[in-house]
Amino acid sequence: MANNTSFESPDLYGIDDLLSPEHKVVRASMRDFVNREIIPVIEDYAQRAEFPTFMPRKFGEIGAFGPTLPADYGGGELDAISYGLMMQEIERGDSGMRSCVSVQSSLVMWPIFTYGSEEQKRHYLPKLAKGEMMGCFGLTEPNQGSDPAGMQTRFVEKRDHFVLNGSKLWITNGPIADLAVVWAKNEQGRIRGLLVERGMEGFSTPEIHHKWSLRASSTGELVFQEVRVPKENLLPGSDGLRSPLACLDQARYGIAWGAVGAAMDCYASALRYALERRQFGRPIASFQLVQKKLAEMATEITKAQLLCWRLGVLKNEGRATTAQISLAKRNNVEMALNIAREARQIHGAMGITGDYPIMRHLMNLESVITYEGTHDIHLLILGSDITGIPAFK
Amino acid sequence: MKILVCVTSVPDTTTKISFTDNNTKLNRAGVQYITGPYDDYALSRAVELKEQHGGTVTVLNVGEADTEPVIRKCLAIGADDAIRVNADPTDAFFVAEQIAAIARENAYDLILMGRESIDYNGGQVHGIVGEMLGLPSISPVMKLDIEGSKARITREIEGGKDELEATLPLVLGCQEPIAEWKIPNMRGIMSARTKPLKVVEPAGNDTLTKVAGYELPPPRGAVRMIPAEEAETLISLLRTEAKVL
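Just so you know, the protein sequences line up as chains A and B, in that order.
Residue numbering for the first sequence follows the numbering used here, beginning at 1250 and increasing consecutively.
Residue numbering for the second sequence follows the numbering used here, beginning at 3 and increasing consecutively.
It is worth saying that the hints were derived from the structure and are not from the lab.
Treat the numbers as computed from the prediction; the structure is a model and nothing was measured.
Treat the hints with caution; some may be incorrect.
[Said to hold, decoys possible] Cβ pair distances, simulated, as ranges:
1. A/Arg-1531 <-> B/Asn-29: 21 to 31 Å
2. A/Asp-1265 <-> B/Phe-95: 49 to 59 Å
3. B/Asn-29 <-> A/Phe-1529: 24 to 34 Å
[What the hints assert, rightly or not] Here are the simulated BS3-like cross-link-like pairs (lysine-lysine), alpha carbons at most 25 Å apart as the crow flies:
4. A/Lys-1273 <-> B/Lys-197
5. A/Lys-1376 <-> A/Lys-1307
6. A/Lys-1379 <-> B/Lys-197
7. B/Lys-18 <-> A/Lys-1541
8. A/Lys-1273 <-> B/Lys-200
9. A/Lys-1552 <-> B/Lys-18
10. B/Lys-52 <-> A/Lys-1307
11. B/Lys-18 <-> A/Lys-1273
[Stated by the list, open to error] Not the full set, but computed from the structure, chain B residues with beta-carbon under 10 Å of chain A:
12. Glu-70
13. Met-192
14. Ala-224
Using N, Cα and C, we set each Cβ at its ideal position, and we do this for glycine too.
Sequences are here, hints too, so could you generate the full structure?
So this is what it looks like as structure tokens:
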């Protein structure tokens, strides 16, 4: 058949009625893109633990990088719900692919747009939007994960440049990045953002191997040994831990939507399998225990869809809070992980093979539940918001 | 060159079909709609021809307000403007009448559409439009090139291909591989916001068909595998159980 749209997302509550025609076009386009470009190849790349290096250009062509930014900087001027639907569709393909896009859009382009000078925006954003240049975000360190305020990476001022020392770990896109948005402390102990480019002496990006998760995504370390960074590479608007944390709000928002995509793919595969697989002379979908699993999956996906939609409306109005974003990220990733596990059971032995996407999603989601604020840290963000007492200070 | 591309808004190919109103209407609840896949090819070729020869591409849809996502997608792919005839497109003659009415007001060099819609799969509209306008209509077109006022066309025929040359204006029903179908990018979707979409009321109401009822094909039966070396068993089952021999 001519069209490659072979996926219909579950919509038990008529949530599509809440979407604008433009939202539906965005979703349909990304769905076609994912069906054509990601799904046919992703299992193979994941099995070989290899990043598909041709993908950034394709993401650039479809406009997946920085879609909410102004057109002057190469963006698509789309709203938060469109952005969320894009993340949902890409993660339906693979969490690693969504991670690549999230980092480029929310953690590289967004801070340059928000904290960068006009020259920095004009220089970097159009190339990043096209996928001609890839970026990564350096906040987490070997000894500082949930507690980034204790970071050890530092820079000192020397005449016309800064000298940067330290390292960052678990950096998505690190090994393929041309540009790193690096968060480091100045001599006064204040956290600022620096733009570190590949090729700067003393800057290296070793890759992390043997991952059982996000295998098609490129993950690594950023090492800075006496790196001379020109002063114009400081993000002038960045100031304090608040700056990188605001970037994380952007990325976590996308993850809340993305997780729904992974859950939808697992649910759709499980439903199809349950209707086709026959035991005791009838489809296993006719058994109550399988129906319970499927009904619970559909219920949880519906609740997560509503959370995302409402969060998107709040974000469009500039009212989405960190606590609200934490609630959605935490809830939806756990939901997706539980659905992946249940879907694995419905697929029986077949569920462990690469013929079905289940184990890939399941293993990917083990990272997604930990990165961008661990599952527990999001509880503490909510707890602090509810009680007014931070448990992590 | 002025090109009109007629597009349908049809249920996604994975839709589970059911009926309402005593099996005389499609149950639209929960159905997701897409551009007719053959229309997608027609539009993609139109956009390519515009890039090669200049001109404009107008998209026409006969449908109610809920078809707007499909129209916006066509604008995002590269059409310049769109017209929606505000009516439920239940009948091929009625749809053709709407297209012909729009075409009479505008001198299009090419009127392209899919070889058939994938909901009712009538495959009649291009032929009727051609007759109404007194223009040649050709379908299914799998290759189309324009040189001046001439069109070089490859059409699929039973067991082969038919190569034709015809003078514009023409009405063509298209299919793959006339062009690679295009996915709109996000910047295209943004620019589609400001492209004009004109809504017009239908011209006439000549619905010539009446739906008596729909029914679904019987569910697929269970498959019995017979080993290759037991051909005799197969023959006997085809005689005694399937009763087809």
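Restraint check for A/Lys-1552 with B/Lys-18, where alpha carbons must lie at most 25 Å apart: Distance ~23 Å between A/Lys-1552 and B/Lys-18 Cα, so the pair holds.
Distance restraint between A/Lys-1379 and B/Lys-197, which requires alpha-carbon spacing of 25 Å or less: 24 Å, holds
Holds or violated: B/Lys-18 to A/Lys-1541, with C-alpha atoms at most 25 Å apart: Status holds; Cα separation ~21 Å.
Distance restraint evaluation - B/Asn-29, A/Phe-1529, Cβ atoms, bounds 24 to 34 Å: 32 Å, holds
Pairwise hint evaluation, B/Lys-197 against A/Lys-1273, where the allowed Cα distance is 25 Å at most: With Cα atoms ~17 Å apart, A/Lys-1273 and B/Lys-197 stay inside 25 Å; holds.
Agreement of A/Lys-1376 and A/Lys-1307 with the hint, judged by alpha carbon distance not exceeding 25 Å: 13 Å, holds
Status of the given 21 to 31 Å range, CB of B/Asn-29 versus CB of A/Arg-1531: 26 Å, holds
Status of the B/Met-192 interface restraint (C-beta, 10 Å, chain A): 5 Å, holds
Beta-carbon spacing of A/Asp-1265 to B/Phe-95 - inside the hinted bounds 49 to 59 Å or not: 32 Å, violated
Distance restraint between A/Lys-1273 and B/Lys-200, which requires alpha-carbon spacing of 25 Å or less: 20 Å, holds
B/Lys-52 paired with A/Lys-1307 [C-alpha distance capped at 25 Å]: 24 Å, holds
Per-residue hint verdict: B/Glu-70, partner chain A, C-beta under 10 Å: 4 Å, holds
Checked against the numbered hints above, the structure breaks only hint 2 and satisfies the rest.
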